[in-house]
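**Q** Each chain, written out:
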Amino acid sequence: MALDGDVTIVVPGERLGSLEQFAAGNGTYSRHGYVYSSLAGLKHVVQGQEKQTISVMREEQESVVPGVGSVVTCKVTSVNPRFCKVSILGVDSTALKEPFRGIIRKEDVRATEKDRVEIYKCFRPGDIVVAKVMSLGDALSYQLSTADNSLGVVFAKSEAGATMVPISWCEMQCPKTMAKESRKVAKVQSQ
Amino acid sequence: MAGLEILSPEGLRLDGRRSHELRKIVCKAGVFSKADGSAYIEMGNTKALATVYGPHEPTNKSKALHDKVLLNCQFGMATFSTGERKRKPRGDRKSTELSMIIRRTFEAAILTELYPRSQIDIFVQVLQADGSNQSACINAVTLALIDAGIPMKDYVSASTVSFVNDTPLMDINYLEESSGGPKLSLAILPKSEKIVLFQMDSRLHMDNMEKVLNLAVKGCKDIYTLLRRTITEKAEEASQFVSLTQ
Chain A
1 MALDGDVTIV VPGERLGSLE QFAAGNGTYS RHGYVYSSLA GLKHVVQGQE
51 KQTISVMREE QESVVPGVGS VVTCKVTSVN PRFCKVSILG VDSTALKEPF
101 RGIIRKEDVR ATEKDRVEIY KCFRPGDIVV AKVMSLGDAL SYQLSTADNS
151 LGVVFAKSEA GATMVPISWC EMQCPKTMAK ESRKVAKVQS Q
Chain B
1001 MAGLEILSPE GLRLDGRRSH ELRKIVCKAG VFSKADGSAY IEMGNTKALA
1051 TVYGPHEPTN KSKALHDKVL LNCQFGMATF STGERKRKPR GDRKSTELSM
1101 IIRRTFEAAI LTELYPRSQI DIFVQVLQAD GSNQSACINA VTLALIDAGI
1151 PMKDYVSAST VSFVNDTPLM DINYLEESSG GPKLSLAILP KSEKIVLFQM
1201 DSRLHMDNME KVLNLAVKGC KDIYTLLRRT ITEKAEEASQ FVSLTQ
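In the order they appear, the protein sequences are chains A and B.
For the first sequence, counting from 1, position 2 maps to 2 in my numbering; every step adds exactly one.
Count along the second sequence starting at 1, add 1000, and that's the number in my numbering.
Source of the hints: derived by calculation from the structure; they are not laboratory data.
Incorrect hints may have been included.
Said to hold, decoys possible - A short, non-exhaustive set of chain A residues, derived as facing chain B with CB atoms under 8 Å:
1. V11
2. G13
3. A23
4. G25
5. L39
6. L42
What the hints assert, rightly or not - Label pairs and their in silico Cβ distance ranges:
7. B:E1236 with A:R31: 43 to 53 Å
8. B:R1085 with A:V65: 38 to 48 Å
9. B:K1063 with A:G67: 26 to 36 Å
10. A:K187 with B:K1034: 35 to 45 Å
11. A:H44 with B:E1233: 39 to 49 Å
12. B:S1192 with A:S150: 33 to 43 Å
13. A:V65 with B:K1034: 52 to 62 Å
Said to hold, decoys possible - No more than 30 Å apart at the CA atoms, straight line, and that leaves these computed lysine-lysine pairs for DSBU-like:
14. A:K43 with A:K180
15. A:K51 with A:K75
16. B:K1211 with A:K43
17. A:K187 with A:K106
18. B:K1024 with B:K1068
19. B:K1234 with B:K1211
20. B:K1063 with A:K85
21. B:K1068 with A:K85
22. B:K1221 with B:K1063
23. B:K1221 with A:K75
24. B:K1234 with A:K43
25. A:K75 with B:K1218
26. A:K43 with B:K1063
27. A:K75 with A:K85
28. A:K43 with B:K1034
29. B:K1094 with A:K43
30. A:K43 with B:K1218
31. B:K1211 with B:K1094
The C-beta atom is built at its ideal place from N, Cα and C for all residues, glycine as well.
Based on the sequences and whatever the hints tell you, model everything.
**A** As structure tokens, then:
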């Protein structure tokens, strides 16, 4: 099924070439000395050192995964004295189709006075937090950090249920009851 | 049954087909935009709808497998899908068995080791049942998985075969299925002809097994041609759309 030139559409199970001439790349698998396609998409051949590499790609390759250094948007799901668990909802300006799990440790909340941080005075469940990915962590969660002026809580609701207004880097105020609550507030730059 | 012959002396069936002919098959991939992959299939009057979500994080952490993907499958029949209205569309013994059969079939076809600690959800619904429901569901799930971009070894194509008057019948409908004859459901990977599902009801002499099996394999290959055409057309549409925007 050639479209233009040598652009070829392949479907799963189709044999693409011999393992003696080609190496199996993304979207393919090898079996009994041959390379087969495992996706429906376009066939690509790239020259390698010794062999050419065959891979199959689809057009909609838009799956975004948080990497080290990415700025992510999260929602706090649970809080305990040592760390809080968050659900990563977006990476930079892209919303994720499926949420990922992350944790913000007590030591990573701010850069100064690390030993005096109290998690429940920085984050509450339901807050929307902007954080940076420090590492991929263990097998279950990304490790995030808010130790920067531009990172922290960007949206929170008070106990009365109203959206709070940030008044300093460590406080937010409820416009309904005027009560102040402690948070690690992000200094949001206008973009 | 007086007046109802499964196979007439001239070799025609009740709906006018010959013994080796399939019913008309209509298939469509990508019918739901919210799902990662979806497909709709009609095999005669049997209509099935399949959706695929994932790979995504496991909803139940304790069930996550560290070396391969976890397949979750749910089969259901609409209450209006049969002549007598069903009381319970999901969760009865037959649906549970079919869910497990579909899950095992696709565990053999999907490259599961590429997504460790992940989960793929498959939901199949029969909208109208007129025999060969299992085969229609398996074919629909194949299209949905390819639409979702999940790596697979090959298509999985399925067909159902019966045996009447010393003649194997292809793609049986409800009347032929309920007449009490033997019923063989077969799913294969068409390129390598490996069997991923083999299920048989009622009695059949071993001497006739090869005839029935050969017709089932031929049916699977015919269905594979149709499935492949559907995916190829969809891939060409997507490809032309991309080339226009560039």
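**Q** Does each hint hold? Answer for all of them.
**A** Do the hints match the structure? See the list:
1. V11: V11 of chain A check passes; min Cβ-Cβ to chain B is 5 Å, inside 8 Å.
2. G13: holds, 3 Å
3. A23: violated, 17 Å
4. G25: Since chain B brings no Cβ nearer than about 12 Å to G25 of chain A, farther than 8 Å, the hint is violated.
5. L39: holds, 6 Å
6. L42: Holds. Min distance 7 Å.
7. B:E1236 with A:R31: 43 to 53 Å: The hinted range 43 to 53 Å is violated for E1236 of chain B and R31 of chain A, with Cβ atoms some 27 Å apart.
8. B:R1085 with A:V65: 38 to 48 Å: The hinted range 38 to 48 Å holds for R1085 of chain B and V65 of chain A, with Cβ atoms some 46 Å apart.
9. B:K1063 with A:G67: 26 to 36 Å: holds, 28 Å
10. A:K187 with B:K1034: 35 to 45 Å: Given a distance of about 37 Å, which is inside 35 to 45 Å, the answer is holds.
11. A:H44 with B:E1233: 39 to 49 Å: Given range 39 to 49 Å: violated, Cβ gap about 21 Å.
12. B:S1192 with A:S150: 33 to 43 Å: Between S1192 of chain B and S150 of chain A, where Cβ atoms are some 55 Å apart, the hint is violated.
13. A:V65 with B:K1034: 52 to 62 Å: violated, 21 Å
14. A:K43 with A:K180: Roughly 59 Å separates the two Cα atoms, so the pair is violated.
15. A:K51 with A:K75: Distance ~47 Å between K51 of chain A and K75 of chain A Cα, so the pair is violated.
16. B:K1211 with A:K43: With a Cα-Cα distance of about 39 Å, the restraint between K1211 of chain B and K43 of chain A is violated, given a limit of 30 Å.
17. A:K187 with A:K106: holds, 20 Å
18. B:K1024 with B:K1068: violated, 37 Å
19. B:K1234 with B:K1211: Distance ~35 Å between K1234 of chain B and K1211 of chain B Cα, so the pair is violated.
20. B:K1063 with A:K85: The given pair, whose Cα atoms are some 21 Å apart, holds under the 30 Å limit.
21. B:K1068 with A:K85: At roughly 26 Å apart (the allowed maximum being 30 Å), K85 of chain A and K1068 of chain B satisfy the hint.
22. B:K1221 with B:K1063: Since the Cα atoms of K1221 of chain B and K1063 of chain B sit roughly 36 Å apart, the hinted pair is violated (cutoff 30 Å).
23. B:K1221 with A:K75: Answer violated: K1221 of chain B to K75 of chain A is near 49 Å, above 30 Å.
24. B:K1234 with A:K43: Status holds; Cα separation ~16 Å.
25. A:K75 with B:K1218: violated, 54 Å
26. A:K43 with B:K1063: Roughly 36 Å separates the two Cα atoms, so the pair is violated.
27. A:K75 with A:K85: Satisfied, since the Cα-Cα distance of roughly 9 Å is no more than 30 Å.
28. A:K43 with B:K1034: OK: K43 of chain A and K1034 of chain B at ~27 Å, within 30 Å.
29. B:K1094 with A:K43: violated, 42 Å
30. A:K43 with B:K1218: The given pair, whose Cα atoms are some 29 Å apart, holds under the 30 Å limit.
31. B:K1211 with B:K1094: Status holds; Cα separation ~28 Å.
In terms of the numbered hints stated before, the structure departs from hints 3, 4, 7, 11, 12, 13, 14, 15, 16, 18, 19, 22, 23, 25, 26 and 29, listed from lowest to highest.
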